[in-house]
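Q: As you go down the protein sequences, you meet chains A and B in turn. Residue numbers for the first sequence follow my numbering, so the first one is 1 and each next one is one higher. Residue numbers for the second sequence follow my numbering, so the first one is 1001 and each next one is one higher.
Possibly wrong hints are sitting among the right ones.
[Said to hold, decoys possible] If you only want the chain A side, here are some residues facing chain B, beta carbon under 7 Å, derived: (1) Lys171; (2) Lys175; (3) Val176; (4) Ala325.
[Unchecked claim] Some residues of chain A that are not near chain B, with every Cβ distance over 12 Å (derived): (5) Ala121; (6) Val148; (7) Ile196; (8) Thr473.
Don't read these hints as lab results, they were simulated from the structure. Beta carbons are placed, not taken as given, at the ideal position from N, Cα and C, and that holds for glycine.
Given next are the chains, with one letter for each unit.
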Amino acid sequence: MKIRLQIYILGKVMAIEGLLMLLPVICGLIYGELRNSVIYALFAIFYIAIGILISFKKPEKVTIYLKDGCIATALSWIVLSVCGCLPFIVTGEIPEFTNALFETVSGFTTTGASILTNVEAMSHISLMWRSLTHWIGGMGVLVFLLAVVPMSGGSNMNLMKAESPGPSVGKFVPKVRTTAKALYLIYLALTVIEIIVLFAAGMPLFDSICSAFGTAGTGGFGIRNDSFASYAPHIQWIVAVFMIMFGVNFNFYYLLVAKQPGKAMKLSEVKVYLAIILISTVTITINVMSVMGGSAEAARHAFFQVATVITTTGFATADFDKWPALSKFIMVVLMFVGACAGSTGGGIKVSRFQIRAKTIAREINSYINPRSVKKVQIDGKAIDPELERSVSVYFFVFLLIFTASAAIVSLEGHDLVTTFTSVAATINNIGPGLSMVGPTSNYAFLNGLSKWVLIFDMLAGRLELFPLIIFLTPMAYKGAFKGIHAKKQN
Amino acid sequence: MAKRGLRIIVVGAGKVGDTLVNRLADEGHNLVIIDKNEERLTQLANLCDCMCISGNGASHETLEEAGITETDLFIAVTESDELNLLCCTIARQFNRKLSTIARVRNPDYISEVNYLRSKLGIEMIINPEYEAAVEASRLLFLPAAISVNSFAHGQAELVKIQIPEGNVLDGKTIAYLGQNITNDILIAGVERGSDFTIPNGSFELKSGDVISYISTRKSNFNFLKSIGFNTRSVRSSLIVGGGTCAYYLADLLIKSGIDVTIVEKDNARCEKLCDLLPKATILKGDGTNEALLEEAGIHDVDSVVALTGLDEENIMLALHTKAVSNAKAITKINKITFTEAIESLNLGSVVYPKYITAERIISTARSRQAKIGSNLEVMYSLFADRAEACEFKVKEVSRVTGVMLKDLNLKPGLIISFISRDGKIIIPTGSDQINVGDNVMVVTMNKGFTELTDILR
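Chain A with its partners taken away, still in its complex shape (with noise of 0.2 Å):
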C-alpha cells in the first residue's frame, strides 16, 4: 500500500469532478437559476482547490500493483461519489444523505436507479449534472486521470485493470496514456454526434445534452417524469440505436478508426451481442403484440427495451412490468448477460457467458472423450487458463453477493419479484426492475439499509465486484503504514 500514492490519485480525482462540475454550473447560469448556480461553483472551487493541495506533491515513481490499482479505484469511487452528492443536499433538492448518496452512486456507476418522485421538479443544473455524472462514470474516472495527466512509471495498466470493466483489459497502442486518450476521444465523438443527432431530429438541447450524456454512459437518468415515452418514435429509435452502440466493445471502433475494419467484423462478441439483441427484439416484438396497438408499435417499444436493459441503461417507453410473462422474463435475462467486455455498459458482460458456455461444452466434451485436450477459444485465441478460472469465480461471487443483497433487501417484506429485481437492476447497473421498482416507479420507498445495500451493489457492479472487495479486505493493508517508517531508518 502506497499512502502517497493513494493521496495523489485521489486528490486529482477530486480536481477533476471539481472541473467537470463547472459544466453544470455553466448550464445553471443560462437558465438563471443563480443561487443553485453559486452552490454548485462554490462545491466545485473547494475540489479543485483541495485537489490541486493534496496532490501538490508528486509521489516518487512507485509501481502500482494490481492490490493498489483496486484500492485506489475503489476509494476515488467512493470520493467522488461523496462529493458529487453535497451540492443536492445543499441546494435541497435532495436534501437527506443516504437518498442524494444513493442518486450519486446511482449516476457515476452508470445505473439509472432514481428515488426522485418528481424529476421534472429538479432545477436544470441538477438535472445537468445528474446526467453527466453518467457520462463521467461510463468510461470511468481514473481512466480520464490517466488520459490527462501525465502519470511516470509502466503499472499505471492497473489503474485501469481495476476501472475498466470486462473479464480481460487489453490496450490498442502501446502506451496506457494513448490508449485511455483514444477511449476517451471515441466516446466523447460518439457522445457529441449523439447530441448533434438528437437535436437535429426536433430535441430540445438542454434534452439532447443530458440524453446523450445518459446514453453514453448506458446510465439511464431521464429528465422526465416519464422517461422516453412522451418523445416523438424516432427519438426513441435513435436513443436506441445509439445504447446499442455505447454496449459495443470499443475496441470495435478503435479498429474501425485505425483502418482495420476487417479485424473489427471479426470480433465474436459484438456478433453475439447483436444477436442476442435481435433474436430477443423478435421474441418479445411478437409476444407483445397483442397488448400494444400495432407491429410497428410493439417493435419499436420491444427494440428500445430491449436496447436499454441490455446496455444496463435504463430508460423506458414502455412499462414492461405490464407485459407477459415470456417478455418479462426475456428482460430479467438481459438484466445479467449486460453488455460487451471494453464498453461503458454493465450486467455481468457478453464475453463472460461466451467464455463460460465455451468451458462448458469443453466439459462434456471431456466427458464424451476422457483424453481431449481442448482449449477455449476465442476470437481464434486460446483463452488464457487464469482468465478461464478468474470468470468462473465471477460468477460466484456475483451469486454470493447477489443472494446476500436479496435477503437483506428481503427483511423488507416486499414481494419477490420487487426484492429480486431491485439487486438484479443495482447490481447490473440497469434502473428500472419489476413490479414496485418498474420503470414507472422509483427506489424512493425502500428504507434506509436497503438503500445502502443497494448503494454496495451499485459500485460492486460497477467494479466489476473484485476492487470493492479487496478495498474491503483488512490483509490488503497489512504494513501500509509501517512501511513509510521502515524506509526512512535505512
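We have chain A already, so just place chain B on it with the hints.
A: What follows is chain B alone, placed relative to chain A:
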C-alpha cells in the same frame, strides 16, 4: 522537453529484453514486445507500459499485428542468434527504412559482422559476451581501477577508483588536486556511501570515496602513479568458466601477452577451447572446487575472472579470491538484480552483460530520436544508474557551438568532461569552446539526453 517517443518492437523478453524494455519505457518510447512465453509477457505487462504480443517474432503475421510498418526501431534479443538474424531480416522486408538491432553471440557469426551488416541491412549487431569481455580486459590492463569505460574510440577513459586509507588525496579539495597534482584529469563524480555528487572545486575528498574521473590513457597512468597507485597490467589471469565470454576475454588477453588459465567443467568444451586458444592452459574441472582452484594457482595469479553461467557461483568465487589472495577479482553477473546487496559485498569489479547491451541499444535509440544537429555516440549509465555519461558528435552549428563554456547556461548536475578534437582529447576549462566536428562527453544526473543542446537550461 517532450520528444516524440519512437515506436520500437522488441523480440524476446528474456534477461536483456526485460532490462531493455524497462529502460526504454522510462524514456517514453512506444514499445511492443513479442515473445513466445506468455507468462513472461504477463509479468512484463503488469509492471511496464508496453504492449505484449505472444507469438513468433519471425512470423509475418505476428510482426504485422505488432505494427511493423509504422515502427522506427526493431530489436531482436531472443536466446537464439539465428532467430534474431531472421527476425531482423524479415522485419526489414516490411519497411526498408527500419533500423534493426540483433543480438548475436556465436563467434562464428561475429567474425562476419560486416557481411551481416551490409548484406542483411542490420544496423547494429550487439554481442554482450564480447562487450563484457572487452570491459573485463580493460580492468585487467588497469587492475587498480574498479571500472574503466572508454570513449572517443578508446582515446578517453572514464576510470573509477577508490581512495585508500592514508592516500595523498585524503582531505584534499578538487581545486588543490588541479593546482598541485595534475590538470589532465577531471573528476566527474564522487560516491560517498550511498551519496553521489558531481563535485565542484571546493569539494573535499576523503579516504573511502569512490571517484570517477576522465582522462586520456597516458595522463591516467601519470595520475595514478603520482597518487601512489600501481598502474601495471596483470601478468596472469585465471578464468573460471569456459563460455563464449571466456573465449573472447582469453583471446584479448593472450594477444596482449598475458598468461591465461581457463577452468571448465565440460570435456567437449575444453577440447574446443584448446583448438581455439592454443596458447591458453585449459583445466578440466569444477571451478567451485577449492582444491582445484589451488592447483590452478589461485594464490599466485594476478587476477581471477569468474565467468561461469551461475551468478551465485561467480559471486562466491570472487569472495573466495578476495579471502585467499591479493589477485584482482572480476565477477560477471548475468541475471540477478540485487544491486544493493551486490554493492555491499565488496566484490571488486563487476561486469553486467545485460546492462552493457541495454546501454548500447538505448544510445542508438536516443540517436534516432535526436534531430540532425548532433548525435549520441556512446552512453554509459554510471553510479548505480544515478548518472549518465553521454558522448555526442557535433554535426552542425547550434546554440552550444562557438561559445566559451563558462558562458553557456548549463543545467545543474552536469559536467562537460572532455572534448575530442582532431584525435586529441581536451579536458576543458571555462575558456574552451565546442566546435563543429568535435566529440563532446557530458556526465549528467539528468537522464535522457538525446542531443547536445539538451545540456542548456
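Q: Now tell me, hint by hint, if it's right for this structure.
A: Hints and how they fare:
1. With its C-beta approaching chain B no nearer than about 5 Å, A/Lys171 sits inside the 7 Å limit, and its interface hint holds.
2. The closest approach between the C-beta of A/Lys175 and any C-beta of chain B is roughly 6 Å, which is under the 7 Å cut-off, so the hint is satisfied.
3. Because the beta carbon of A/Val176 sits about 5 Å from the nearest beta carbon in chain B, less than 7 Å, this interface hint is met.
4. Residue-level restraint check for A/Ala325 is violated (minimum Cβ-Cβ distance to chain B is 46 Å; threshold 7 Å).
5. Distance check for A/Ala121 against chain B: the nearest CB is about 48 Å away, which clears 12 Å, and the non-interface claim stands.
6. At the 12 Å boundary, the C-beta of A/Val148 stays outside the reach of chain B, the nearest C-beta of that chain being 15 Å off.
7. Separation of A/Ile196 from chain B is adequate, the least Cβ-Cβ distance of about 32 Å exceeding the 12 Å criterion.
8. With a cut of 12 Å on Cβ distances, A/Thr473 stays outside the contact zone with chain B, its closest approach being about 20 Å.
Checked against the numbered hints above, the structure violates only hint 4.
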